[in-house]
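Kindly generate the complete structure, drawing on both the sequences and the hints.
Under my numbering, the letters of the sequence shown match residues 190 to 445, in that order.
Hints may be right or wrong, so weigh each one.
Stated by the list, open to error - Here are the simulated EDC-like pairs of lysine to aspartate or glutamate, each with C-alpha atoms no more than 20 Å apart in a straight line:
| id | residue 1 | residue 2 |
| --- | --- | --- |
| 1 | 301 | 226 |
| 2 | 301 | 332 |
| 3 | 301 | 315 |
| 4 | 301 | 219 |
| 5 | 301 | 283 |
| 6 | 301 | 209 |
| 7 | 301 | 341 |
| 8 | 301 | 339 |
| 9 | 301 | 381 |
| 10 | 301 | 263 |
| 11 | 301 | 212 |
| 12 | 301 | 334 |
| 13 | 301 | 286 |
What the hints assert, rightly or not - Quick list of simulated restraints, FRET-style, between CB atoms:
| id | residue 1 | residue 2 | range |
| --- | --- | --- | --- |
| 14 | 411 | 379 | 40 to 48 Å |
| 15 | 422 | 276 | 37 to 45 Å |
| 16 | 427 | 288 | 18 to 26 Å |
| 17 | 427 | 216 | 20 to 28 Å |
| 18 | 305 | 407 | 17 to 25 Å |
| 19 | 427 | 231 | 48 to 56 Å |
| 20 | 364 | 290 | 31 to 39 Å |
| 21 | 276 | 379 | 28 to 36 Å |
| 22 | 334 | 428 | 25 to 33 Å |
| 23 | 359 | 281 | 15 to 23 Å |
No wet-lab data here; the hints were simulated from the structure.
By construction, the Cβ of each residue, glycine as well, lies at the ideal position given by its N, Cα and C atoms.
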Amino acid sequence: MATDTEQMDSSAYDLVALLDAADRLPGAADLRAHSYELLRLPSGAAVVDVGCGAGRAVAELTELGAGAVGLDVDQRMIDIARERWPRADFRVADAYELPLEDGSLAGYRADKVFHELDDPGNALQEARRVLAPGGRAVVLAQDWDTIVIDSDVPAITRTIVQARADLVLAPRVARSCRNLLLTAGFEDVSVEVRTAVFTGATMLPMLVGLAEGAHASGAVSREAAHGWIAEQRGRAERDRLFLALPIFVTAGTSPR
Numbered sequence: 190m191a192t193d194t195e196q197m198d199s200s201a202y203d204l205v206a207l208l209d210a211a212d213r214l215p216g217a218a219d220l221r222a223h224s225y226e227l228l229r230l231p232s233g234a235a236v237v238d239v240g241c242g243a244g245r246a247v248a249e250l251t252e253l254g255a256g257a258v259g260l261d262v263d264q265r266m267i268d269i270a271r272e273r274w275p276r277a278d279f280r281v282a283d284a285y286e287l288p289l290e291d292g293s294l295a296g297y298r299a300d301k302v303f304h305e306l307d308d309p310g311n312a313l314q315e316a317r318r319v320l321a322p323g324g325r326a327v328v329l330a331q332d333w334d335t336i337v338i339d340s341d342v343p344a345i346t347r348t349i350v351q352a353r354a355d356l357v358l359a360p361r362v363a364r365s366c367r368n369l370l371l372t373a374g375f376e377d378v379s380v381e382v383r384t385a386v387f388t389g390a391t392m393l394p395m396l397v398g399l400a401e402g403a404h405a406s407g408a409v410s411r412e413a414a415h416g417w418i419a420e421q422r423g424r425a426e427r428d429r430l431f432l433a434l435p436i437f438v439t440a441g442t443s444p445r
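Structure below.
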């Protein structure tokens, strides 16, 4: 029988496997590269990646010449990141108390982590604290209510998407990021949407997870969830699956 520690380690590596799969999706590398461009970092500038996970963005920013620090609240993620990128700087910390000096950074990046925060506005106030005047913050966030899925049963699909969104701490934070940055005092705030479109079986595990989460919450019956999953599997087999996943990219400048 596996010990609690072994189960925890296994779950961490399962999560990393999912993160790795997401990093390999079409357009993922381009989106990360675009977020680095939005940071407008001078050569050698200091930048933090909040919610760094297994550390890929920190490694890429370091390769681009930045002085990158990766922070994550999960010690297991930090251990894995250090194992993968031993020369990079990774630390355990949450988004509300960054272990960094006032005005010490040129860039702040958070990728698909704000939906897990109960107070994203507070996190952006902390971003303001650590950014030097003219520093840049870039937040990438998924709006869990705007997942677009083609289906023969749109009412059940809508219920599944909304029910799964309700299991997320801040499912609609992506649409609030512009206002949150403005409220935190950032200037030159911009918003754009990059939408990934999937038409094959790659994202079937995500669709299965949506339906299972909706069933677990009591929003749909087991039969409805299983029937919906079967429809999506059939669509994938016939090359008729369609999933669109919008990612909102919000950027702003700390006042000079």
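Do the hints match the structure? See the list:
1. For the hint pairing residue 301 with residue 226, the CA-to-CA distance comes to about 17 Å; that is within 20 Å, so the pair holds.
2. Among the hinted pairs, residue 301 with residue 332 is consistent with the structure: their alpha-carbon atoms are about 10 Å apart, no more than 20 Å.
3. For a cut-off of 20 Å, the pair hint linking residue 301 to residue 315 stands: about 17 Å separates their Cα positions.
4. Our distance criterion of 20 Å between C-alpha atoms is met by residue 301 and residue 219, whose separation comes to about 15 Å.
5. The straight-line distance between the Cα atoms of residue 301 and residue 283 is roughly 14 Å, inside the 20 Å bound, and the hint therefore holds.
6. For the hint linking residue 301 to residue 209, the alpha-carbon distance of about 14 Å falls within 20 Å, and the restraint holds.
7. At most 20 Å may separate the alpha-carbon atoms for a hinted pair to count; residue 301 and residue 341 exceed this at roughly 30 Å.
8. Distance restraint check for residue 301 and residue 339: the Cα-Cα separation of roughly 24 Å exceeds the 20 Å cut-off, and the hinted pair is therefore not satisfied.
9. A distance of roughly 15 Å separates the Cα atoms of residue 301 and residue 381; the hinted pair therefore holds under the 20 Å criterion.
10. Among the hinted pairs, residue 301 with residue 263 is consistent with the structure: their alpha-carbon atoms are about 15 Å apart, no more than 20 Å.
11. Proposed proximity of residue 301 and residue 212 is supported: the alpha carbons are some 12 Å apart, at most 20 Å.
12. Restraint check for residue 301 and residue 334: the C-alpha separation of about 14 Å stays at or below 20 Å, so the hint holds.
13. A distance of roughly 18 Å separates the Cα atoms of residue 301 and residue 286; the hinted pair therefore holds under the 20 Å criterion.
14. Under the hint 40 to 48 Å, the C-beta atoms of residue 411 and residue 379, about 44 Å apart, fit the expected range.
15. Distance hint check for residue 422 and residue 276: the Cβ-Cβ separation is about 43 Å, which falls inside the suggested range of 37 to 45 Å.
16. At about 52 Å, the beta-carbon gap between residue 427 and residue 288 misses the expected band of 18 to 26 Å.
17. One distance hint, 20 to 28 Å for the beta-carbon pair residue 427 and residue 216, holds here, with the actual separation near 24 Å.
18. For residue 305 paired with residue 407, a C-beta distance near 23 Å keeps the hint of 17 to 25 Å intact.
19. Taken as a hint, the range 48 to 56 Å holds for the pair residue 427 and residue 231, whose Cβ atoms sit roughly 51 Å apart.
20. About 32 Å separates the C-beta atoms of residue 364 and residue 290, a value consistent with the hinted range of 31 to 39 Å.
21. Taken as a hint, the range 28 to 36 Å holds for the pair residue 276 and residue 379, whose Cβ atoms sit roughly 33 Å apart.
22. Look at residue 334 against residue 428: about 27 Å separates their beta carbons, and that is inside 25 to 33 Å.
23. Under the hint 15 to 23 Å, the C-beta atoms of residue 359 and residue 281, about 22 Å apart, fit the expected range.
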